[in-house]
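A.B. asks: Here is what each chain is made of, one letter per residue.
There are 2 protein chains.
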Amino acid sequence: MRLPIYLRIAEDIKEKINNGELKPGDAICSENALCKAYKASRMTVRRGLAVLASEGYIYSIPGKGNFVREPDINTYTLYYNEMKNFVNSVDKTKLLEVNIILPNSKLINSLQITSNRKVIVIRRLFFTGGEPVAYDIKYLPYCKGMPIIEKEIRYATFPEMVAKNNSLFAIKKELIIYTEMPDEETKKYLNINNNELPLMVVEQKLYNKEGKPIGMGITYFRGDYCKLYAESYFSDKKSYKNGTEN
Amino acid sequence: MRLPIYLRIAEDIKEKINNGELKPGDAICSENALCKAYKASRMTVRRGLAVLASEGYIYSIPGKGNFVREPDINTYTLYYNEMKNFVNSVDKTKLLEVNIILPNSKLINSLQITSNRKVIVIRRLFFTGGEPVAYDIKYLPYCKGMPIIEKEIRYATFPEMVAKNNSLFAIKKELIIYTEMPDEETKKYLNINNNELPLMVVEQKLYNKEGKPIGMGITYFRGDYCKLYAESYFSDKKSYKNGTEN
DNA sequence: GAGTGGTCTAGACCACGAT
DNA sequence: TCGTGGTCTAGACCACTCT
Numbered sequence: 004m005r006l007p008i009y010l011r012i013a014e015d016i017k018e019k020i021n022n023g024e025l026k027p028g029d030a031i032c033s034e035n036a037l038c039k040a041y042k043a044s045r046m047t048v049r050r051g052l053a054v055l056a057s058e059g060y061i062y063s064i065p066g067k068g069n070f071v072r073e074p075d076i077n078t079y080t081l082y083y084n085e086m087k088n089f090v091n092s093v094d095k096t097k098l099l100e101v102n103i104i105l106p107n108s109k110l111i112n113s114l115q116i117t118s119n120r121k122v123i124v125i126r127r128l129f130f131t132g133g134e135p136v137a138y139d140i141k142y143l144p145y146c147k148g149m150p151i152i153e154k155e156i157r158y159a160t161f162p163e164m165v166a167k168n169n170s171l172f173a174i175k176k177e178l179i180i181y182t183e184m185p186d187e188e189t190k191k192y193l194n195i196n197n198n199e200l201p202l203m204v205v206e207q208k209l210y211n212k213e214g215k216p217i218g219m220g221i222t223y224f225r226g227d228y229c230k231l232y233a234e235s236y237f238s239d240k241k242s243y244k245n246g247t248e249n
Numbered sequence: 004m005r006l007p008i009y010l011r012i013a014e015d016i017k018e019k020i021n022n023g024e025l026k027p028g029d030a031i032c033s034e035n036a037l038c039k040a041y042k043a044s045r046m047t048v049r050r051g052l053a054v055l056a057s058e059g060y061i062y063s064i065p066g067k068g069n070f071v072r073e074p075d076i077n078t079y080t081l082y083y084n085e086m087k088n089f090v091n092s093v094d095k096t097k098l099l100e101v102n103i104i105l106p107n108s109k110l111i112n113s114l115q116i117t118s119n120r121k122v123i124v125i126r127r128l129f130f131t132g133g134e135p136v137a138y139d140i141k142y143l144p145y146c147k148g149m150p151i152i153e154k155e156i157r158y159a160t161f162p163e164m165v166a167k168n169n170s171l172f173a174i175k176k177e178l179i180i181y182t183e184m185p186d187e188e189t190k191k192y193l194n195i196n197n198n199e200l201p202l203m204v205v206e207q208k209l210y211n212k213e214g215k216p217i218g219m220g221i222t223y224f225r226g227d228y229c230k231l232y233a234e235s236y237f238s239d240k241k242s243y244k245n246g247t248e249n
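In order, the protein sequences belong to chains A and B. Our numbering puts the first residue of the first sequence at 4, with every later residue one more than the last. Our numbering puts the first residue of the second sequence at 4, with every later residue one more than the last.
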């Protein structure tokens, strides 16, 4: 009985959903009924329901009631960091190029900029234990205060590069993940000498709050040095449900 | 002024975080101070803060205050469905095998079962426009009521297969994503006639609430028919913040 | 009109942190 | 001791749905 009432209510209902007693679409007892059942005030009952709502278990329709949500079976939490994946960590990087260029038509298009807007290009190689494991290219529309100092770039992930000019909270990120065979240049960079090693390719795009692109990048991983890991959207380990740290 | 007070409070603070006025680690005004500032009751202020907490913006330390959280820059929302990815949808499947077998040592290990526990094997080919696009294998420890009827299996995704015996809410899912070259058997299945087409491989494991494996599967996608898409963890489109449907 | 959820108040008591 | 957040109450008024 150490649990606060609102969590007891939430856990009880969650249990009923998990064991199948309540199925998606089913109505939950009305808030007043729950008040009586738990001898609690309505605010307390509502707080319990709010926990379930924020975890995606239920939704409510004003004037009708609370209902069990259809679980979102195709949604996962993916952990991605170009320097550290499920099977490998980068311990050294090499800057191949840091430059300010005028964009070609492809860049103009994907960064939604004018042709006279300058763009920073950063090309890096990532190493693990002396072996090259990934070839990384980033493009950032140039703004004052952009990172063009080697130290700032060398070990920075993409979101970190734009953090100086943007709050990381406001950034919208997109990944597209696919596989392909390396071209000759990439094979040279990644020390690939046969035709049997594919690449894992991760395209990354960053947008600001207004939806304007603030950066795009492509990372070509040696296939043998890249595994990505994802898990259920709501894992109890890492959710913000109670709002307290740890 | 149509917004309820608690959302106004939440939006105001969110804005301060997004424009950099409040940085990670910074303290937020005390709840009593916010009560005065917004001429609102403490419950209303706390509700506003609860919104921010559940969205990952802030956390609280009892006795000290509310603080801006460090944004989780490596976490994304991944959408994965073996039948439908960013560039392709499966329109036909072919059942290669549905069988009940005794597990080999690898299966015993990864499904954490005893050697006499029977296992269902399901092997399928996925097609798009008549072309084979993926080769899919699933293993499920056999329980009564398991799907061994063709109709139930043919177009089912992995979570759907176990839904009969488990609430989908209670299932813990894991994905491991990597790339490799096809072996001869897989090349035959996927109609690959050269050595230049890699596979996207997705290993999927499902666990019940107690953490016991209830299924594992591997899907081998033709590299040219598989792109995966992921985006920021908190996209405003699909969050459960208000708990109401649409 | 009766029941439902959505918002909000003005208190209360508690455990905890800083001093 | 005082300020902080965490929990909780017993009301209130509103908009909505159902019948």
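Hint data in this document are derived by calculation from the structure and do not stem from the laboratory. Do not rely on the hints blindly, as some may be mistaken.
[Said to hold, decoys possible] With the C-beta cut set under 10 Å, the calculated list includes, among others, these residues of chain B facing chain A:
(1) Ile8
(2) Cys32
(3) Arg72
(4) Glu177
(5) Leu200
[As the list claims (entries may be wrong)] Straight-line alpha carbon distances no greater than 27 Å define the calculated DSSO-like cross-link-like pairs of lysine-lysine that follow:
(6) A/Lys167 to B/Lys215
(7) A/Lys87 to B/Lys121
(8) A/Lys208 to B/Lys67
(9) A/Lys212 to B/Lys26
(10) B/Lys208 to A/Lys19
(11) A/Lys230 to B/Lys215
(12) A/Lys212 to B/Lys191
(13) B/Lys17 to A/Lys26
(14) A/Lys17 to B/Lys19
(15) A/Lys17 to B/Lys67
(16) A/Lys215 to B/Lys17
(17) B/Lys167 to A/Lys230
(18) A/Lys208 to B/Lys154
(19) A/Lys230 to B/Lys67
(20) A/Lys26 to B/Lys87
(21) A/Lys175 to B/Lys95
(22) B/Lys147 to A/Lys26
(23) A/Lys26 to B/Lys154
(24) B/Lys87 to A/Lys230
(25) A/Lys154 to B/Lys154
(26) B/Lys191 to A/Lys26
(27) A/Lys208 to B/Lys19
(28) B/Lys26 to B/Lys87
(29) A/Lys26 to B/Lys230
[To be verified] Partial selection, computed: residues in chain A whose CB lies under 10 Å from chain B:
(30) Thr131
(31) Glu134
(32) Pro162
Because the structure is a prediction, the values reported are computed rather than measured. Ideal placement from N, C-alpha and C gives every residue a C-beta, glycine not left out.
A.B. asks: Next, verify each hint and record whether it holds.
C.D. replies: Results of checking the hints against the structure:
For isoleucine 8 of chain B, the interface hint is violated, since its Cβ never comes within 10 Å of a Cβ in chain A; the closest pair sits about 15 Å apart. The closest approach between the C-beta of cysteine 32 of chain B and any C-beta of chain A is roughly 16 Å, which is over the 10 Å cut-off, so the hint fails. With 10 Å as the threshold, the beta carbon of arginine 72 of chain B comes within range of chain A, its nearest partner Cβ sitting at about 8 Å, so the hint holds. Hint status for glutamate 177 of chain B relative to chain A: holds, with the closest Cβ pair at about 5 Å, below 10 Å.
Annotation: interface hint on leucine 200 of chain B holds; nearest CB of chain A at approximately 8 Å, less than 10 Å. About 45 Å separates the Cα atoms of lysine 167 of chain A and lysine 215 of chain B, which puts this hinted pair outside 27 Å; it is violated. The suggested pairing of lysine 87 of chain A with lysine 121 of chain B is violated, with an alpha-carbon distance near 38 Å, which exceeds 27 Å. Our distance criterion of 27 Å between C-alpha atoms is broken by lysine 208 of chain A and lysine 67 of chain B, whose separation comes to about 38 Å.
Simply put, lysine 212 of chain A and lysine 26 of chain B have alpha-carbon atoms about 17 Å apart, close enough for the 27 Å limit, and the pair holds. A C-alpha spacing of about 24 Å is found between lysine 208 of chain B and lysine 19 of chain A, which places the hinted pair at or below 27 Å, so the restraint holds. Among the hinted pairs, lysine 230 of chain A with lysine 215 of chain B is consistent with the structure: their alpha-carbon atoms are about 23 Å apart, no more than 27 Å. Taking the CA atoms of lysine 212 of chain A and lysine 191 of chain B, the gap is about 47 Å. The hint is violated against a cut of 27 Å.
Of the pairs offered as hints, the one joining lysine 17 of chain B and lysine 26 of chain A is violated, with about 35 Å between alpha carbons and a cut-off of 27 Å exceeded. With a C-alpha separation of about 35 Å, the suggested pair lysine 17 of chain A and lysine 19 of chain B falls outside the 27 Å cut-off, and the hint is violated. For the given pair, lysine 17 of chain A sits about 31 Å from lysine 67 of chain B by alpha-carbon distance, which is inconsistent with the 27 Å threshold. Distance check on the hinted pair: lysine 215 of chain A and lysine 17 of chain B sit about 19 Å apart at the alpha-carbon level, within 27 Å; holds.
At most 27 Å may separate the alpha-carbon atoms for a hinted pair to count; lysine 167 of chain B and lysine 230 of chain A exceed this at roughly 31 Å. Proposed proximity of lysine 208 of chain A and lysine 154 of chain B is contradicted: the alpha carbons are some 41 Å apart, above 27 Å. Note on lysine 230 of chain A and lysine 67 of chain B: the hinted pairing is violated, with a Cα-Cα distance of about 41 Å set against a maximum of 27 Å. Between lysine 26 of chain A and lysine 87 of chain B the alpha-carbon distance is near 26 Å, which keeps this suggested pair within the 27 Å criterion.
Taking the CA atoms of lysine 175 of chain A and lysine 95 of chain B, the gap is near 35 Å; set against the 27 Å cutoff, the hint is violated. Taking the CA atoms of lysine 147 of chain B and lysine 26 of chain A, the gap is near 21 Å; set against the 27 Å cutoff, the hint holds. This hinted pair checks out: lysine 26 of chain A and lysine 154 of chain B have alpha carbons roughly 23 Å apart, not beyond 27 Å. For the given pair, lysine 87 of chain B sits about 21 Å from lysine 230 of chain A by alpha-carbon distance, which is consistent with the 27 Å threshold.
At roughly 59 Å between alpha-carbon atoms, lysine 154 of chain A and lysine 154 of chain B are farther apart than 27 Å, so this suggested pair is violated. A hinted pair counts as satisfied when its Cα atoms are at most 27 Å apart, and lysine 191 of chain B with lysine 26 of chain A does not qualify at roughly 43 Å. In summary, the hint linking lysine 208 of chain A to lysine 19 of chain B is supported, as the alpha carbons are separated by about 24 Å, within the 27 Å threshold. Restraint check: the Cα-Cα separation between lysine 26 of chain B and lysine 87 of chain B comes to about 40 Å, which exceeds 27 Å; the hinted pair is violated.
A distance of roughly 33 Å separates the Cα atoms of lysine 26 of chain A and lysine 230 of chain B; the hinted pair therefore is violated under the 27 Å criterion. Given hint, threonine 131 of chain A at the interface with chain B, is violated; its Cβ is 16 Å from that chain's nearest Cβ, farther than 10 Å. At about 17 Å, the closest approach between the beta carbon of glutamate 134 of chain A and any beta carbon in chain B exceeds 10 Å, and the interface hint on this residue is violated. Annotation: interface hint on proline 162 of chain A holds; nearest CB of chain B at approximately 4 Å, less than 10 Å.
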